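Given chain A, put chains B and C in place with the hints provided.
If you're matching them up, the sequences are chains A, B and C in order.
Numbering follows my numbering, in which position 105 of the first sequence is assigned residue number 105; successive positions increment by one, without gaps.
Numbering follows my numbering, in which position 13 of the second sequence is assigned residue number 1013; successive positions increment by one, without gaps.
Numbering follows my numbering, in which position 303 of the third sequence is assigned residue number 2303; successive positions increment by one, without gaps.
FYI, nobody ran anything at the bench for these hints, they're computed from the structure.
Source: prediction; values computed, not measured.
For every residue, glycine included, the Cβ atom is placed at its ideal position computed from N, Cα and C.
Any given hint could be a false lead.
[As the list claims (entries may be wrong)] Away from chain B, derived, C-beta distances all over 10 Å, residues of chain A: (1) N74; (2) S86; (3) V118; (4) R141.
[Unchecked claim] Estimated spans, in silico, between C-beta atoms of each pair: (5) A:N39 - C:Y2371: 32 to 40 Å; (6) A:T31 - C:V2143: 56 to 64 Å; (7) C:L2208 - A:N39: 55 to 63 Å; (8) A:H144 - C:G2057: 52 to 60 Å; (9) A:K96 - C:M2375: 51 to 59 Å.
The primary structure of each chain is shown beneath.
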Amino acid sequence: MKKALSFLFLLCFLSSPAFASKAAPVFQLPTETSQINLNKLKGKVVYLDFWASWCKPCRKSFPFLNEMQRRHGNQGLMVIGINVDSNRKDATKFLKKYHANFTIAFDEKGVTPGKYNVAVMPTSFIIDRNGNIVNIHKGFREDHQKKIEAMITKTLAAK
Amino acid sequence: MMKFWLTLGLLFSLSACSLQEGIKESFHVEEIQPWQRDILAQDSMQLDSDAMQSFADDHIYFSKEASTGGKGVGGGGCGCN
Amino acid sequence: MKNIRKKLSLASCTLLSGAPQAANAIDNAWDLDSSYLYYSEADDRVTVNKAIMKLSGDITDDDRATATLVFDTMSGSTPSGTVRSKTSAINSITNASGASTNISGSTAPDKVEFRDTRLGFSFDWDHNQSRLLKVKYGGNISVENDYQSFGASASISKDNESRSLTYTAGIAGYFDKIFRKTGGTPEPLSNVEDDSSFSDGERVTYELLGGVTKVLNRKTLGQLNYSFSYTDGYLTDPYKVISQVELVTDSQTNSFAFSELERYYEGRPSKRLRNSIYSALVHQYGSNNQVIHASYRLYWDDWDVVSHTLELRHRNPLGNGQYIEPHVRYYTQTAANFFVHHLNNGEPLPQYASADYRLDAMKGMTIGIQYGRPMGGGKFRARVEYINQQFDQAEYNENLAYVFQISYQKQF
Chain A
1 MKKALSFLFL LCFLSSPAFA SKAAPVFQLP TETSQINLNK LKGKVVYLDF
51 WASWCKPCRK SFPFLNEMQR RHGNQGLMVI GINVDSNRKD ATKFLKKYHA
101 NFTIAFDEKG VTPGKYNVAV MPTSFIIDRN GNIVNIHKGF REDHQKKIEA
151 MITKTLAAK
Chain B
1001 MMKFWLTLGL LFSLSACSLQ EGIKESFHVE EIQPWQRDIL AQDSMQLDSD
1051 AMQSFADDHI YFSKEASTGG KGVGGGGCGC N
Chain C
2001 MKNIRKKLSL ASCTLLSGAP QAANAIDNAW DLDSSYLYYS EADDRVTVNK
2051 AIMKLSGDIT DDDRATATLV FDTMSGSTPS GTVRSKTSAI NSITNASGAS
2101 TNISGSTAPD KVEFRDTRLG FSFDWDHNQS RLLKVKYGGN ISVENDYQSF
2151 GASASISKDN ESRSLTYTAG IAGYFDKIFR KTGGTPEPLS NVEDDSSFSD
2201 GERVTYELLG GVTKVLNRKT LGQLNYSFSY TDGYLTDPYK VISQVELVTD
2251 SQTNSFAFSE LERYYEGRPS KRLRNSIYSA LVHQYGSNNQ VIHASYRLYW
2301 DDWDVVSHTL ELRHRNPLGN GQYIEPHVRY YTQTAANFFV HHLNNGEPLP
2351 QYASADYRLD AMKGMTIGIQ YGRPMGGGKF RARVEYINQQ FDQAEYNENL
2401 AYVFQISYQK QF
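For reference, chain A alone in the conformation it holds in the complex (with noise of 0.2 Å):
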């Protein structure tokens, strides 16, 4: 009896909103030089950020997302920005002129932004090591840089 009441108990804690965090669904996208698989980034923290050539904050926060590639790459974190344009060439002309010291992954025909219910453009997802959502982030502004930075350090410091 105690043993199942443990158990149930457990088991609302595990399905609690609190507690739930929601896997990251799942990718295979090619980027500038090959391909990139969610599923192979296991044990790395990843900032998954949706931008397009013609998203005015999504240009803005490109010195950011470099920055933090720069900072945090060698605590594991890997920064994967993905272009939404329905033409990838208008992104490569992009690229040309702004550099991204992060890897750029293509998706032309809008899949994942669609399998992450992506809502504005752009928007940033912080993934834990084990492949989990544990942070959304709509939009981009200048002010929430430091709040960004600490929840990815958080992030790279847990288990």
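Frame of chain A; chains B and C shown alone:
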């Protein structure tokens, strides 16, 4: 004189390729995803695509006609943030 | 400056060291748009030279400020409202600058010369109240030799969650002061020879605006709005006059002609209530990404002026960021209920009357073309327009004008 200009203007506007098709497809209403706003984000797709032109025109027609105003609201664009 | 910043950002990227890149390394903070416009009417009528400069920039993540400066000079001659009669009993005219000129008495002058300079400044502040809510505040001031205007406006815009719908509501207020260069305003419907004048004219205008913009599909945007305005105060033009005439037989041509007996200053109502419904559609189509802008405005006021405005613009990309954009505008208006071509001898003066051709029934058509191209990191545009206005009854029943405008916008 007026008839000449009216006809010229009408021909002018109808001569644009596939214009009639464009009119038909423009009224098809559908919800689009936030990552599908690439076309709407373009400068030429803004309601006021050249602010200098409309600013000047507003003043010209305000001075030479009996009507004023009408425009003045925003919307559309990339829908970012 | 821009090159240095770019080089620095590249350097810090490749060296993987140094301070983080400046937050605005990619998009530059300020946007400057400058323009020159030339407007010229046929028959040595009005000529305008206008210079406009608009500076805007993001002050914070949530705030954008815009300042616009306009400077223009107007010169030439404009119809005064009198009839071109063979004879006139009026021996002097007061032109728009206020000076009196004696005329030799035969053909009545019907155009008055003028020269005016205007300076206008407006300031707008856009603030993101929250993610989906934006407020805009605006102030403007305009000054010329015989006219001053001060105004303020505020509006609020709310987006739905998917940003496919934007609702806007706004209010605005203006205070205008109108006076002749010689001071004061003439007593409405007084005889010009009586030289009866009142103090400067003042008026207040209140405006309300409500609208909705909807994303119809990936390539189409639609807008519908309604605006209302109410003006109370001096709405008369202090320079415009009306001829009181009688028909005479011209012995030379054996036809009827007007003979001007008296001349009166015009007088308009002291209130005006205006409405307009405006709708617009922007749509991209075709393999070459052509864009069509179509708009229609219905206007009506309590002076019985009803107007229709239909405007079409068609942008044709030419490659390398260049485009040409033909433009056509159709306009019709009915006459104000107190518009007259002339006053008849022997009839009592009406309560309100004006012979200003701009209040006459009219059909106008504009055709034009604009060319644009990227240039030096910014955007260059040039356009020409031809305006043809045909008036029903006014003494000067045609207005033909050319517009030339050149603009350059750049971020820095």
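Hints, one by one, checked against the model:
1. N74: 31 Å, holds
2. S86: Since the minimum Cβ distance to chain B is about 6 Å, A:S86 lies within 10 Å and the statement is violated.
3. V118: 6 Å, violated
4. R141: 7 Å, violated
5. A:N39 - C:Y2371: 32 to 40 Å: 53 Å, violated
6. A:T31 - C:V2143: 56 to 64 Å: Given about 60 Å between the Cβ atoms, the range holds.
7. C:L2208 - A:N39: 55 to 63 Å: The hinted range 55 to 63 Å holds for C:L2208 and A:N39, with Cβ atoms some 58 Å apart.
8. A:H144 - C:G2057: 52 to 60 Å: 21 Å, violated
9. A:K96 - C:M2375: 51 to 59 Å: 20 Å, violated
The structure does not agree with the numbered hints 2, 3, 4, 5, 8 and 9 stated previously, though it agrees with the rest.
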